[in-house]
Amino acid sequence: DQQVKQNSPSLSVQEGRISILNCDYTNSMFDYFLWYKKYPAEGPTFLISISSIKDKNEDGRFTVFLNKSAKHLSLHIVPSQPGDSAVYFCAASAVLGSGNTGKLIFGQGTTLQVKP
Amino acid sequence: DVKVTQSSRYLVKRTGEKVFLECVQDMDHENMFWYRQDPGLGLRLIYFSYDVKMKEKGDIPEGYSVSREKKERFSLILESASTNQTSMYLCASSFDEGLTTEAFFGQGTRLTVV
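Chain order of the listed sequences is A and B.
So the first sequence is residues 1 to 116, counted in my numbering.
So the second sequence is residues 117 to 230, counted in my numbering.
Next up, chain A with everything else stripped away, as it sits in the complex (with noise of 0.2 Å):
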């Protein structure tokens, strides 16, 4: 049963526009969000996070906006660049009653091609 989903497998855009990365989740227990981005050959590397308190999240280029009513959140990268070509991860988690953090439960994935 997968608690979190990537529906889109891949997505093209052309280099300055937008990437709209979705992400649907159906554990209402999860508090915590989180993107990576991983080369080929390549761990995955964090790239922004968001709390259940909070709608939005801005790093620069990428912003994380998270609706809980409807349980899907959103990563944006504008203006795109040919090097976020890569594969994104949406991640989720819950602090577990015992005490103990979380652990991390991934999507999919969706593969970014920015085309120059």
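Do not rely on the hints blindly, as some may be mistaken.
[Said to hold, decoys possible] Taking lysine to any residue pairs in the SDA-like style, the calculated list, with each CA pair at most 25 Å apart, reads:
1. A/K37 x B/Q122
2. A/K56 x B/F211
3. B/K187 x B/N200
4. A/K37 x B/Y126
5. A/K37 x B/E218
6. B/K187 x A/A94
7. B/K119 x B/L161
8. A/K5 x B/K187
9. B/K173 x A/Q2
10. A/K5 x A/E42
11. A/K5 x B/K173
12. A/K71 x A/S49
13. B/K129 x A/A41
14. B/K173 x A/P79
15. B/K119 x A/I50
16. A/K37 x B/D212
17. A/K68 x A/E42
18. A/K37 x B/K119
19. A/K37 x A/P79
Note that these hints are calculated values from the structure, not bench results.
Predicted, not measured: the structure shown is a model, and the values here were computed from it.
Based on these hints, arrange chain B on the given structure of chain A.
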């Protein structure tokens, strides 16, 4: 900078072999994780550990075991490798800070079982 180091970038093993994947982190993180990445399936959690000698199963633990004897080291063991365990394996670590669960990843190990 946080560094998570996986012992091998590429491995080729035979069916039935016992395989050890090693991961070391240098930031005194409490939590460590093993994921595998497969096309169309994203990153799936195999096992995680929130303290030395503590471990919990992830979503796909079958065919795997783990060991955490020291805080900085987390090993993934394939007891008897099979071809369906051919995959990219990713180790990660994070602080136990409640909401701030950003995980740092190693570079990955591409395992091929023949």
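Hints and how they fare:
no. : hint            : verdict
1   : A/K37 x B/Q122  : holds, 19 Å
2   : A/K56 x B/F211  : holds, 24 Å
3   : B/K187 x B/N200 : violated, 30 Å
4   : A/K37 x B/Y126  : holds, 21 Å
5   : A/K37 x B/E218  : holds, 13 Å
6   : B/K187 x A/A94  : holds, 23 Å
7   : B/K119 x B/L161 : holds, 20 Å
8   : A/K5 x B/K187   : violated, 32 Å
9   : B/K173 x A/Q2   : holds, 17 Å
10  : A/K5 x A/E42    : holds, 22 Å
11  : A/K5 x B/K173   : holds, 21 Å
12  : A/K71 x A/S49   : holds, 15 Å
13  : B/K129 x A/A41  : holds, 19 Å
14  : B/K173 x A/P79  : violated, 41 Å
15  : B/K119 x A/I50  : holds, 23 Å
16  : A/K37 x B/D212  : holds, 22 Å
17  : A/K68 x A/E42   : violated, 32 Å
18  : A/K37 x B/K119  : holds, 17 Å
19  : A/K37 x A/P79   : holds, 16 Å
Hint compliance for this structure: hints 3, 8, 14 and 17 are not met, and every other hint is.
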